[in-house]
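With the hints as constraints, model all of the structure from the sequences given.
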Amino acid sequence: MLELTTESEIRKFIREKEQSLVFNKHDISEFIFPTQSNFEQSVESSYLEKLSENEKSSMVFKTKKKFADSNYEGDLLEGKRHGLGRMFYDSGRYYFGEWRFDLREGRGMEHYTNGNNYKGSFVAGNADGLGIFRWANGEVYEGEWKQGLKCGKGIWKNLDGDYYYGFWKESKAQGWGKHVWNNGDSYEGYWADYKKCGVGIEKFAGLGEQYKGEYKDAKFCGFGIYKYRDGSLYRGMWVDGKHHGYGILEDKGSEYVGEFSDGKKSGRGFLKEKNGDYYSGEFKDDKKHGFGEGKLPNGQIYQGNWSENVPNGWGVSENPIDSSITILKLTNNEVIQTL
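Under my numbering, think of the first position of the sequence shown as 1, with each following residue one higher.
Honestly, the hints are just simulated from the structure, not real lab data.
Since the structure is predicted, the reported quantities are computational estimates derived from the model, not experimental observations.
By construction, the Cβ of each residue, glycine as well, lies at the ideal position given by its N, Cα and C atoms.
Just so you know, not all the hints are guaranteed correct.
When the alpha-carbon atoms are kept at most 30 Å apart in a straight line, the in silico DSS-like pairs for lysine-lysine are as follows [stated by the list, open to error]:
1) K284 - K295
2) K212 - K25
3) K172 - K242
4) K212 - K252
5) K169 - K195
6) K216 - K12
7) K25 - K62
8) K195 - K227
9) K274 - K195
10) K65 - K80
11) K216 - K329
12) K252 - K287
13) K212 - K242
14) K195 - K219
What follows is a list of derived Cβ distance ranges for each label pair [unchecked claim]:
15) K242 - N182: 25 to 31 Å
16) T326 - D262: 14 to 20 Å
17) E308 - K25: 44 to 50 Å
18) R93 - E49: 51 to 57 Å
19) G92 - G231: 55 to 61 Å
20) E7 - I325: 21 to 27 Å
Here it is, written out as structure tokens:
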């Protein structure tokens with residue numbers, strides 16, 4: 001693990017991390033797909049262009065065929081659905097579109113018994129290419145498909161006002177994408193397996209706060225910058241959604257430069273307080289704790305042991321006027337013995 005011992009080293013580390021934080025934004029126009037108006041007429045008028053002359057010469061057009069649980073009306077080739085046809089299932093399911101040797105192939109539209117429906121391209125019986133899927137609950141996906149799964153560029157939205165546009169793989173957000181929730185919150189950045197992963201920007205509308213940085217498994221992880229509602233600013237390392245590692249925290253006029261652990265100042269750090277006082281040394285659970293140097297109430301500079309934010313134990317104090325040195329022992333910031 002990288003060990004930084006001085007304030008300047010930590011500041012340099014944070015500055016370099018901030019400079020290397022690259023965020024590539026995409027244009028939403030990349031995800032606007034052509035409308036599919038007059039879909040049936042368009043399919044019907046163009047499907048013959050895809051058939052060879054040999055196929056057409058051997059086909060039976062606009063005929064009927066009965067199956068165990070369904071009825072077919074359309075074209076056949078060697079007894080198989082081939083060309084253009086409609087499939088009526090006893091369950092209420094319905095398909096209209098192109099076929100190739102008994103498989104949906106080309107453009108088509110399918111209505112399912114649960115109220116869902118799909119309109120778009122098929123390959124080997126599966127949604128493949130560009131298409132729109134509408135769920136009975138009002139959700140809609142418009143975009144690219146592969147082997148029946150969302151894959152490529154696409155836009156998803158629901159009736160509540162939530163939406164996502166970006167890249168997909170195996171029906172999960174993968175790569176760059178932007179998700180906006182109906183409460184105004186948003187995340188724009190990289191995804192893996194439908195989780196925020198990589199570099200992104202997250203805005204919390206209700207809180208008035210924002211994070212820009214790295215993610216892992218949908219949590220802040222790596223380097224990131226968080227702007228808090230009260231004006232506080234944290235720039236530094238994160239683990240599991242908490243400040244962890246080296247960071248700089250600006251908070252209501254004070255500034256801490258140093259180590260964090262599990263969301264708290266812990267380890268070596270340098271604190272400049274609002275009143276101008278300065279402390280350098282060890283911290284534990286957000287408090288000065290361990291060996292450090294800071295100012296006593298009488299104005300003298302104290303170097304020694306601290307506990308729960310106050311000098312506690314043996315140390316050395318220096319008078320800023322005459323630079324005289326005193327060895328002393330304190331309990332809860334009170335001198336109880338001098339040497």
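Here's how the hints hold up against the structure:
no. : hint                    : verdict
1   : K284 - K295             : holds (19 Å)
2   : K212 - K25              : holds (13 Å)
3   : K172 - K242             : holds (26 Å)
4   : K212 - K252             : holds (21 Å)
5   : K169 - K195             : holds (12 Å)
6   : K216 - K12              : holds (24 Å)
7   : K25 - K62               : violated (50 Å)
8   : K195 - K227             : holds (22 Å)
9   : K274 - K195             : violated (39 Å)
10  : K65 - K80               : holds (9 Å)
11  : K216 - K329             : violated (47 Å)
12  : K252 - K287             : holds (17 Å)
13  : K212 - K242             : holds (14 Å)
14  : K195 - K219             : holds (9 Å)
15  : K242 - N182: 25 to 31 Å : holds (28 Å)
16  : T326 - D262: 14 to 20 Å : violated (37 Å)
17  : E308 - K25: 44 to 50 Å  : holds (46 Å)
18  : R93 - E49: 51 to 57 Å   : violated (28 Å)
19  : G92 - G231: 55 to 61 Å  : holds (59 Å)
20  : E7 - I325: 21 to 27 Å   : holds (24 Å)
In summary, the numbered hints that this structure violates are 7, 9, 11, 16 and 18.
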